[in-house]
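Please construct the entire structure, taking both the sequences and the accompanying hints into account.
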Amino acid sequence: GEDVEQSLFLSVREGDSSVINCTYTDSSSTYLYWYKQEPGAGLQLLTYIFSNMDMKQDQRLTVLLNKKDKHLSLRIADNQTGDSAIYFCASPPSSNTGKLIFGQGTTLQVKP
Amino acid sequence: DTGVSQDPRHKITKRGQNVTFRCDPISEHNRLYWYRQTLGQGPEFLTYFQNEAQLEKSRLLSDRFSAERPKGSFSTLEIQRTEQGDSAMYLCASSAQTAESYEQYFGPGTRLTVT
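Heads up: the sequence lines are chains R and F, in that order.
Numbering-wise, the numbering used here comes out as the position in the first sequence, counting from 1, plus 26.
Numbering-wise, the numbering used here comes out as the position in the second sequence, counting from 1, plus 344.
Hints may contain errors.
DSSO-like, lysine-lysine: derived pairs with alpha carbons at most 27 Å apart [as the list claims (entries may be wrong)]: (1) 355(F) x 62(R); (2) 93(R) x 62(R); (3) 62(R) x 358(F); (4) 355(F) x 401(F); (5) 96(R) x 62(R).
None of these hints come from the bench; they were simulated from the model.
The following block contains the structure:
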């Protein structure tokens with residue numbers, strides 16, 4: 027079935043890097059997405075990666091995709107307190123649907 | 345354009361009442377999505393439209409829920425005879441079909457509390 031899993035909590039110090047991991051089950055996913063949600067707010071699209079890519083870098087964000095293991099990760103370099111939020115990975119279950127399946131979210135806490 | 349907007353931002357209603365939420369997508373986006381998010385969970389897909397056509401509905405969308413997008417612009421989500429289990433954040437998103445990556449942009453959400 028369609029499933030996306032993430033670890034629930036991660037804590038780092040300001041200036042350190044963080045890595046948030048995600049596994050997904052559907053191998054027909056074309057794009058995979060990372061979203062950020064701050065308390066009481068909607069979801070902000072951070073970045074996405076096409077399934078034929080292994081890596082994508084966007085400023086402080088690096089996305090790594092291991093399609094064989096169906097594993098996706100988001101690395102945030104030089105974390106700031108403003109990075110504290112919940113991070114969701116999301117995957118469309120097939121190429122002919124518009125919906126996204128979201129993980130439970132990883133709460134990132136950046137301590138000063 | 346200021347992004348996806350939703351109205352109201354908060355709604356408190358008594359069990360058994362009907363509620364209606366509105367979503368205005370980004371103006372050039374022809375796809376519009378509704379999701380529901382409960383505390384501690386990721387968003388769950390409810391339904392989506394391409395222009396005015398409703399293309400997919402989740403099993404979560406019981407017969408008490410109805411969504412419309414009559415002119416292919418804004419959309420409404422109505423919940424009839426609300427139940428306490430309907431309490432959640434209702435999120436709307438939009439995307440452009442012409443965008444190869446179909447990335448979805450979310451609104452701020454409508455938080456529903458059923459008492």
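Status of each hint after checking the structure:
1. 355(F) x 62(R): holds (24 Å)
2. 93(R) x 62(R): holds (23 Å)
3. 62(R) x 358(F): violated (32 Å)
4. 355(F) x 401(F): holds (24 Å)
5. 96(R) x 62(R): Distance of about 21 Å is within 27 Å: holds.
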